[in-house]
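Put chain P on the given structure of chain E with help from the hints.
Quick note, the sequences are listed as chains E and P, same order.
So for the first sequence, this note's numbering puts the first residue at 102; every next one is plus one.
So for the second sequence, this note's numbering puts the first residue at 102; every next one is plus one.
Be aware that one or more of the hints could be misleading.
Stated by the list, open to error - Below are the DSBU-like pairs computed for lysine-lysine, each with C-alpha atoms no more than 30 Å apart in a straight line:
id, chain 1, residue 1, chain 2, residue 2
1, P, K307, E, K307
2, E, K226, E, K162
3, E, K116, E, K164
4, E, K215, E, K163
5, P, K215, P, K307
6, P, K215, E, K105
7, P, K105, P, K162
8, P, K226, P, K164
9, P, K116, P, K164
10, E, K105, P, K162
11, E, K215, P, K105
12, P, K226, P, K163
To be verified - Just a few of them, taken from the derived set where beta-carbon distance is under 8 Å, the chain P residues facing chain E:
id, residue
13, T260
14, I321
15, L329
16, G337
Keep in mind that the hints were calculated from the coordinates and are not lab data.
Please read these numbers as outputs of a predicted model, since none were measured by experiment.
Even for Gly, the Cβ is constructed at its ideal location relative to N, Cα and C.
There are 2 protein chains.
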Amino acid sequence: MSRKEPRLYFPHDLKQGVSLALSHDQTHYLMNVMRLGSGDHVRLFCDEHGEWRAKLDVQGKKKAGVVVLDHLRAPQTRPFLGLAFTPLRPHRLSFLVEKAVELGVSDLFPVLTKYTAVRHVNEDKLRAAAIEAAEQCERLDVPTLHPLQDLGQFCGNLTPSQHLYFCHERQEGGLLWDHAGSPPKFPLILVGPEGGFDAQEVTFLKGLPGVTSVSLGQGILRAETAALAALSLFHGAPRA
Amino acid sequence: MSRKEPRLYFPHDLKQGVSLALSHDQTHYLMNVMRLGSGDHVRLFCDEHGEWRAKLDVQGKKKAGVVVLDHLRAPQTRPFLGLAFTPLRPHRLSFLVEKAVELGVSDLFPVLTKYTAVRHVNEDKLRAAAIEAAEQCERLDVPTLHPLQDLGQFCGNLTPSQHLYFCHERQEGGLLWDHAGSPPKFPLILVGPEGGFDAQEVTFLKGLPGVTSVSLGQGILRAETAALAALSLFHGAPRA
Chain E
102 MSRKEPRLYF PHDLKQGVSL ALSHDQTHYL MNVMRLGSGD HVRLFCDEHG EWRAKLDVQG
162 KKKAGVVVLD HLRAPQTRPF LGLAFTPLRP HRLSFLVEKA VELGVSDLFP VLTKYTAVRH
222 VNEDKLRAAA IEAAEQCERL DVPTLHPLQD LGQFCGNLTP SQHLYFCHER QEGGLLWDHA
282 GSPPKFPLIL VGPEGGFDAQ EVTFLKGLPG VTSVSLGQGI LRAETAALAA LSLFHGAPRA
Chain P
102 MSRKEPRLYF PHDLKQGVSL ALSHDQTHYL MNVMRLGSGD HVRLFCDEHG EWRAKLDVQG
162 KKKAGVVVLD HLRAPQTRPF LGLAFTPLRP HRLSFLVEKA VELGVSDLFP VLTKYTAVRH
222 VNEDKLRAAA IEAAEQCERL DVPTLHPLQD LGQFCGNLTP SQHLYFCHER QEGGLLWDHA
282 GSPPKFPLIL VGPEGGFDAQ EVTFLKGLPG VTSVSLGQGI LRAETAALAA LSLFHGAPRA
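Okay, chain E solo, but in the shape it has when bound (with noise of 0.2 Å):
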């Protein structure tokens, strides 16, 4: 097995032939983990324009720069997929960030519920766990992160098209599995907090139009393990 050359996410006008400077974090991590020095190969990749080769150019002890070299994939357009969650500890939150973005979510929507033991959220921890992530798996986009909102704010911001399945845990009823094998155009997943949703916020959950409550089966998962599980059950499935 060959080894893959590294792949860095590199929002920037990425075309034949420009030579481009590498921040310093890119250029440490080139240098000094992978060990990579002048004309060694890495890959350069962003929403807009793809996945390219670039050369690396190795000006001093802490600075380098890249030479664009060859397109290897055109962008991709990525189904809608979201995945609405509440804070949690740092560890568990990078990590539910991490395997989102493996598992193909393409919107991050952070909410605040009643019960939401953590208040807050650190955004350019969460791109920076996202951007980790999609370097690693291959993705050739990151995830749009949106801020920070309460639970009314973010069902109001629903559009008619989205559909929201609602991660209720012990409720009766339907299992997710049920909904999985053809999910519509825009489905989101809401996950709740360790504590759970409280009453008032499960009544007004319903009664929206475009929401479907479901159950994640018997088993009591942690918010993050739900949101995977939810998510598993998507990456996989054709879209309607």
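Relative to chain E, chain P alone:
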């Protein structure tokens, strides 16, 4: 929301009225982490005796026992759901085990393949991770952790009633999703190492009876994500 009583996996002869000693770790957890004192309630469970309520009896700064009170839940027979996985770096492996326990796995099979980078597992640590996850997620049992085997041994030990889904990255052909609607009675999932399976291993696996080679979709999933995505499909599905 009332706080739930802490749960401890406690594979002893649980019955009403008996007094039992707690281990050093259990005592520390209840007294120092959960800050419980004499008379506070905890829950004890094991595969054989189900779940019981018990009363903490503090006997010293670092010494405590319990008195078993009433029976809360009868033991459950869990349907067989096996996961075969290659060793990973400790952080990712603990995570894999934690999530597999939540997603209802009954049997964990660490397996060595040609490209497995990490060549051993710390069985005590894995078992501890499985127990902790079971304590958290309201399971009444802890999955069986089988000893490390190489791929040939593992396949040689499969029984005719078991059906192995060999999750093969980038493979052409059926998706695991096509099989998840009506899984067989004894499904097993096999997920490879980061480096993938060797060509000879693929030929070997495809030639075995009771093995179906399946894909997990177009994305590249890390080993632990692949395991979780695959388990998620069987977690909620009714068994044939």
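Structure-based check of each hint:
1. Restraint check for K307 of chain P and K307 of chain E: not satisfied, since their Cα atoms lie roughly 47 Å apart, outside the 30 Å limit.
2. Under the criterion of a C-alpha separation no larger than 30 Å, the hint pairing K226 of chain E with K162 of chain E is consistent with the structure, at around 27 Å.
3. Under the criterion of a C-alpha separation no larger than 30 Å, the hint pairing K116 of chain E with K164 of chain E is consistent with the structure, at around 21 Å.
4. About 47 Å separates the Cα atoms of K215 of chain E and K163 of chain E, which puts this hinted pair outside 30 Å; it is violated.
5. At most 30 Å may separate the alpha-carbon atoms for a hinted pair to count; K215 of chain P and K307 of chain P meet this at roughly 16 Å.
6. With a CA separation close to 19 Å, the supplied pair K215 of chain P and K105 of chain E stays within the 30 Å bound.
7. Restraint check: the Cα-Cα separation between K105 of chain P and K162 of chain P comes to about 24 Å, which is no more than 30 Å; the hinted pair holds.
8. For the given pair, K226 of chain P sits about 24 Å from K164 of chain P by alpha-carbon distance, which is consistent with the 30 Å threshold.
9. Between K116 of chain P and K164 of chain P, the direct Cα distance comes to roughly 21 Å. Compliance with the 30 Å bound is thereby established for this hinted pair.
10. The suggested pairing of K105 of chain E with K162 of chain P is violated, with an alpha-carbon distance near 55 Å, which exceeds 30 Å.
11. Restraint check: the Cα-Cα separation between K215 of chain E and K105 of chain P comes to about 18 Å, which is no more than 30 Å; the hinted pair holds.
12. For the proposed pair K226 of chain P and K163 of chain P, the alpha carbon gap of about 23 Å is at most 30 Å, so the pair holds.
13. The closest approach between the C-beta of T260 of chain P and any C-beta of chain E is roughly 26 Å, which is over the 8 Å cut-off, so the hint fails.
14. The interface hint given for I321 of chain P holds, since its Cβ lies 4 Å from the closest Cβ of chain E, which is under the 8 Å cut-off.
15. Taking 8 Å as the C-beta contact cut-off toward chain E, the hint placing L329 of chain P at the interface holds, the least distance being around 6 Å.
16. Satisfaction of the interface hint for G337 of chain P is found here, the shortest Cβ-Cβ separation to chain E being roughly 4 Å, below the 8 Å cut-off.
Checked against the numbered hints above, the structure breaks hints 1, 4, 10 and 13 and satisfies the rest.
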